[in-house]
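Numbering-wise (the working numbering), the sequence shown opens with residue 1 and increments by one.
These are calculated hints, taken from the structure and not from any lab test.
As the structure is a computational prediction, the values presented were derived from the model and not from experiment.
Just to be clear, a hint being listed does not mean it is correct.
[Unchecked claim] Mimicking DSS-like on lysine-lysine, the simulated pairs with C-alpha atoms at most 27 Å apart in a straight line are:
(1) K309 x K177
(2) K240 x K4
(3) K83 x K41
(4) K309 x K354
(5) K41 x K4
(6) K4 x K83
(7) K177 x K41
(8) K27 x K41
(9) K177 x K240
[Claimed, not checked] Here are the simulated distance ranges between beta carbons:
(10) D284 x E63: 30 to 36 Å
(11) G373 x R319: 44 to 50 Å
(12) T247 x R139: 56 to 62 Å
Ideal Cβ placement from N, Cα and C applies to all residues, glycine included.
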Amino acid sequence: MDQKRTVEVFVAGRYPAYTYNPRSTRKQESEVRRYLDDSGKAMTVSGPSKSGKTVLLQHLLPESDAIWINGSELVSTDVLYNKIIDFLGIFDMYEVQQQTGSGLGAGVKVSAKFGGTGVEANAGGKLTDSETKTFSRTRSPADVAMQGLAELPVPIVIDDFHYVPELVKLDIVRAIKALLMRTHVIMIAVPHEAFDAVRQEPDMNGRVWNLQISPWEIEELVEVAQTGFAVLGIVDAANKVSTQLATASMGAPFLMQQLCLDYLLDEEIIGTQMPAIDLPDSSDWNTFFTGVANRSVPGVFDYLSRGPKTHGQERSERRLKDGSGSTDIYGAILYAVARMGPVASVHYTDLWHKIDELFFEAPQSQQVTTSLGHLRNIARENRGTSDAALDYKDDSLHILDPFLSFYLQHGSWALPIPPGKQ
Numbered sequence: 001m002d003q004k005r006t007v008e009v010f011v012a013g014r015y016p017a018y019t020y021n022p023r024s025t026r027k028q029e030s031e032v033r034r035y036l037d038d039s040g041k042a043m044t045v046s047g048p049s050k051s052g053k054t055v056l057l058q059h060l061l062p063e064s065d066a067i068w069i070n071g072s073e074l075v076s077t078d079v080l081y082n083k084i085i086d087f088l089g090i091f092d093m094y095e096v097q098q099q100t101g102s103g104l105g106a107g108v109k110v111s112a113k114f115g116g117t118g119v120e121a122n123a124g125g126k127l128t129d130s131e132t133k134t135f136s137r138t139r140s141p142a143d144v145a146m147q148g149l150a151e152l153p154v155p156i157v158i159d160d161f162h163y164v165p166e167l168v169k170l171d172i173v174r175a176i177k178a179l180l181m182r183t184h185v186i187m188i189a190v191p192h193e194a195f196d197a198v199r200q201e202p203d204m205n206g207r208v209w210n211l212q213i214s215p216w217e218i219e220e221l222v223e224v225a226q227t228g229f230a231v232l233g234i235v236d237a238a239n240k241v242s243t244q245l246a247t248a249s250m251g252a253p254f255l256m257q258q259l260c261l262d263y264l265l266d267e268e269i270i271g272t273q274m275p276a277i278d279l280p281d282s283s284d285w286n287t288f289f290t291g292v293a294n295r296s297v298p299g300v301f302d303y304l305s306r307g308p309k310t311h312g313q314e315r316s317e318r319r320l321k322d323g324s325g326s327t328d329i330y331g332a333i334l335y336a337v338a339r340m341g342p343v344a345s346v347h348y349t350d351l352w353h354k355i356d357e358l359f360f361e362a363p364q365s366q367q368v369t370t371s372l373g374h375l376r377n378i379a380r381e382n383r384g385t386s387d388a389a390l391d392y393k394d395d396s397l398h399i400l401d402p403f404l405s406f407y408l409q410h411g412s413w414a415l416p417i418p419p420g421k422q
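Make the full structure from the sequences, and use the hints.
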């Protein structure tokens, strides 16, 4: 058995070379391959945050075989075309120097350039008395990219398409339509901000192939663990540990990878075991999960728990009916979500009823919806380069980041004190 390090086998946030699960029964890979055998269409790939959308495409179209672009980079169509030009290594400027005069003959020097590099060629004889004329022409990035793709139709993958700036999104969609004459274009996004601009462009009607990444089932996450355990020479009797970790993973393979890694390192299993060993079952799962949650506190949590800035008026205090503390409406919302179990989405009326069950002085339902809108804005403002941790849309709160949901469930966080009560 080849020796592997545990940190190589279970990875969070990188391509899982040893634990990739094709989810064969869902036929996602075959759907992408069918699309690549077709022509003239774009593919949209959507699904929950950290659900394996990018990993699926990385498996089928690694960066050596496709042009990968992040949506946040596409501030103009020229950026899109220049990314293609960079990958193909082609030129956008021709320069000709022509020398005439007396002597042994005329000379011509031709160069082609792109990005400060290029090639040169010389023709003609030596000159004793000459005049040099220079002619140059720069082609548009669009022309160069289209010509290059005509020769080598490399697929294009735009990850995090929902980060394309709104001001240029329609221009990008129209550029994609033109690129479809040459190659395949795949766009990846979370479902809540996905592809409105694509659908709104009339010329894209009939040109879009949709692929929805389904939520992961417990059995599929168990398979991730079992595959990695086999590589490391570990036996998990009756899948007891695998099932515990999968159940806590909020349906996210990203989080499953992290839990498997932390569990093995806590058991001091740092690499392949020879001979194979039985994996011990934890005697205190709550302590383990709390430890993982506290090591992975989502950066947005503090912003959410504080809520928006107040403007002179103090927020009402909400006291827990069990007498264990008090908070404001934002703390009450987070506390209620945590007590509803591992939920991905919750309707505001169900959330309001849960708050009413847990707290005295429950807010009105309209106050809850207003506060949920503020939380949505805070999550968007503090998302950095990743997806927003939550959204409020269609009267429901959506927890988009499984690590936030996990931290709400298992982290050692305290109810935020209402502003003015500190």
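Comparing the hints with the structure gives:
{"no.": "1", "hint": "K309 x K177", "in the structure": "violated, 43 Å"}
{"no.": "2", "hint": "K240 x K4", "in the structure": "holds, 23 Å"}
{"no.": "3", "hint": "K83 x K41", "in the structure": "holds, 20 Å"}
{"no.": "4", "hint": "K309 x K354", "in the structure": "holds, 25 Å"}
{"no.": "5", "hint": "K41 x K4", "in the structure": "violated, 41 Å"}
{"no.": "6", "hint": "K4 x K83", "in the structure": "violated, 36 Å"}
{"no.": "7", "hint": "K177 x K41", "in the structure": "holds, 8 Å"}
{"no.": "8", "hint": "K27 x K41", "in the structure": "holds, 19 Å"}
{"no.": "9", "hint": "K177 x K240", "in the structure": "violated, 50 Å"}
{"no.": "10", "hint": "D284 x E63: 30 to 36 Å", "in the structure": "violated, 42 Å"}
{"no.": "11", "hint": "G373 x R319: 44 to 50 Å", "in the structure": "violated, 25 Å"}
{"no.": "12", "hint": "T247 x R139: 56 to 62 Å", "in the structure": "holds, 57 Å"}
Comparing the model with each numbered hint stated earlier shows that hints 1, 5, 6, 9, 10 and 11 do not hold.
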